[in-house]
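Undergrad: Just so you know, the protein sequences line up as chains A and B, in that order. Residue numbering for the first sequence follows my numbering, beginning at 32 and increasing consecutively. Residue numbering for the second sequence follows my numbering, beginning at 49 and increasing consecutively.
FYI, nobody ran anything at the bench for these hints, they're computed from the structure. Every residue, glycine too, gets a C-beta built ideally from N, C-alpha and C. Among the clues, some could well be false.
To be verified - Here are the computed lysine to any residue pairs in the SDA-like style, where the Cα-Cα straight-line distance is at most 25 Å:
| no. | chain 1 | residue 1 | chain 2 | residue 2 |
| --- | --- | --- | --- | --- |
| 1 | B | Lys82 | A | Phe425 |
| 2 | A | Lys232 | B | Lys119 |
| 3 | B | Lys119 | B | Ala97 |
| 4 | A | Lys232 | B | Val105 |
Stated by the list, open to error - Quick list of simulated restraints, FRET-style, between CB atoms:
| no. | chain 1 | residue 1 | chain 2 | residue 2 | range |
| --- | --- | --- | --- | --- | --- |
| 5 | A | Arg70 | B | Gly130 | 35 to 41 Å |
| 6 | A | Pro399 | B | Thr102 | 37 to 43 Å |
| 7 | B | Gly130 | A | Glu78 | 47 to 53 Å |
| 8 | A | Arg189 | B | Lys82 | 53 to 59 Å |
| 9 | B | Val106 | A | Ala121 | 32 to 38 Å |
As the list claims (entries may be wrong) - A few chain B residues facing chain A, derived, Cβ under 8 Å:
| no. | residue |
| --- | --- |
| 10 | Ile93 |
| 11 | Val105 |
| 12 | Gln109 |
| 13 | Gly113 |
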Amino acid sequence: MRGESGRRVVVTGLGAVSGIGIGAAEFLAGLRAGKSAARPVTAFDTEGFEHAMACEVPDFEPGRWIRNLNIGNLGRASQFSVAAARMAVADAGIAEDALRAVPSLISIGTTDGESGDLDQLVETEVDLGPERMDPTVARRVPAGRLSAVIAEEFGLSRTEAVTLPTACAAGNYAIGYGYDAIRGGDVEVALCGGADALCRKTFTGFYRLGTIAPERCQPFDKDRKGILTGEGAGVLVLESLESALARGARIYAEVLGYGLNCDADHPVAPNQDSVARCMRLALDDARIKPEEVDFISAHGTGTRANDITEARAIRQVFGDDAPPRTVSIKSMIGHSMGAAGALASIACALALTEGFIPPTINHVETDPECGLDVVPNEAVDAELRVVQNNGLAFGGNNAVVIFGKRGTDWN
Amino acid sequence: MAAIVEERRETIKEIVTDILEIDPDEVTETSLFKEEHDADSLRAIEILAALEKTFNVVIDQSELGRMVNLKGVYEVVSDAAGW
Chain A
32 MRGESGRRVV VTGLGAVSGI GIGAAEFLAG LRAGKSAARP VTAFDTEGFE HAMACEVPDF
92 EPGRWIRNLN IGNLGRASQF SVAAARMAVA DAGIAEDALR AVPSLISIGT TDGESGDLDQ
152 LVETEVDLGP ERMDPTVARR VPAGRLSAVI AEEFGLSRTE AVTLPTACAA GNYAIGYGYD
212 AIRGGDVEVA LCGGADALCR KTFTGFYRLG TIAPERCQPF DKDRKGILTG EGAGVLVLES
272 LESALARGAR IYAEVLGYGL NCDADHPVAP NQDSVARCMR LALDDARIKP EEVDFISAHG
332 TGTRANDITE ARAIRQVFGD DAPPRTVSIK SMIGHSMGAA GALASIACAL ALTEGFIPPT
392 INHVETDPEC GLDVVPNEAV DAELRVVQNN GLAFGGNNAV VIFGKRGTDW N
Chain B
49 MAAIVEERRE TIKEIVTDIL EIDPDEVTET SLFKEEHDAD SLRAIEILAA LEKTFNVVID
109 QSELGRMVNL KGVYEVVSDA AGW
């Protein structure tokens, strides 16, 4: 698509399920206040772990959002995904029959799919034998359902429902795919984002790698101790600028462009040059110069390896002198895996609309090797025009999305 | 006693060669996992986890720095198990 003008793509609806708030308004309030979702894990038995904090979504009531599907047939990640889609469509003010009448795309990113259900099935198999595994739970497992169930809930038949399994960058991949589909005129509405639910497998994997923080997530801090696993979902409604203007929709932000690459350099360690290349791809696609970026929503997991590599890559692209302010909302909501890029994109859209930069909380002293202004602990007001959202995943899967303020002409 | 020590050494060697996917004949007491046998940090953690399980011990991750060859691994497991 690069070089072709295509249609302009805007964000007109937001749906958020996060540990600091459900729905765009609560999520915004949480971001502004620098709220923390960290609490002891309740999703599974944590006996044997020396520490087990995470950022769960407390008191999630799927019945408040899901109208047509049988909730018992949905795993927790699918419940998040459908709920966030419901919120986003309502927020966009699109009537269900209008949504059914146009060609649409549903793209949802994920790391784990319904691994929480798999945890449970395997436990049953080991303890009681395979014949005792619950068939209803088994049917919930395929990751493709995270997007398909949204189509089912709304009764969409003129839609492509795709689940993108590019792990921790998947939310950004999904938005990029939606951006292309709208830009090229393939569809009129795209519901894009990501979803994941806390599960024992992923917690244990990160724990075993020594990358789970004992109490709190401190991205870019000198004494950062790792991630906190999180959960949730984010769904954004994308449509063309003409379509949004024609129906008088509220426009949160414009999607200016995106970039993605995969270096397959290492199973878990990010590659600095490759991350820098991905940011350049996104900036080029958006036709934005590095100095025009007002802040970066970092991948910022809070591990030693990610933060230093990402910070160096940012300096490689933006220069050593004055790189943009760089924040990590994972300090508040933990690492929600496939939902991370989507929830951070929602944060970017809200930041552009409301004129503020969300903080990096739990911050004591910036790691001099990172050398970035991370907007420590308290949100700041700021006139913003362009923001960049980074997503980096295991296997060297990187995806970066650039958002611009509504109503601004960038050419 | 000597028989037990020999058995433990054999078990550790089996774990390591199995995880690194190398022939037991290729590895010596002092050949280096990373430099000579293509190990990386993930394999090292896999070895650590397997040792913890097999010998029912807890090994701190900071010990990975000593676990560079079979000799080092044996010492770390000995310390952890109090052999």
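Undergrad: If a hint holds in the structure, say so; if it doesn't, say that too.
TA: Checked hints:
1. B:Lys82 - A:Phe425: holds, 21 Å
2. A:Lys232 - B:Lys119: violated, 32 Å
3. B:Lys119 - B:Ala97: At roughly 18 Å apart (the allowed maximum being 25 Å), B:Ala97 and B:Lys119 satisfy the hint.
4. A:Lys232 - B:Val105: Since the Cα atoms of A:Lys232 and B:Val105 sit roughly 22 Å apart, the hinted pair holds (cutoff 25 Å).
5. A:Arg70 - B:Gly130: 35 to 41 Å: holds, 37 Å
6. A:Pro399 - B:Thr102: 37 to 43 Å: About 42 Å separates the Cβ atoms of A:Pro399 and B:Thr102, which means 37 to 43 Å holds.
7. B:Gly130 - A:Glu78: 47 to 53 Å: The hinted range 47 to 53 Å is violated for B:Gly130 and A:Glu78, with Cβ atoms some 24 Å apart.
8. A:Arg189 - B:Lys82: 53 to 59 Å: holds, 54 Å
9. B:Val106 - A:Ala121: 32 to 38 Å: violated, 50 Å
10. Ile93: holds, 6 Å
11. Val105: violated, 14 Å
12. Gln109: holds, 5 Å
13. Gly113: violated, 13 Å
Against the hints set out earlier in the document, violations occur for numbers 2, 7, 9, 11 and 13.
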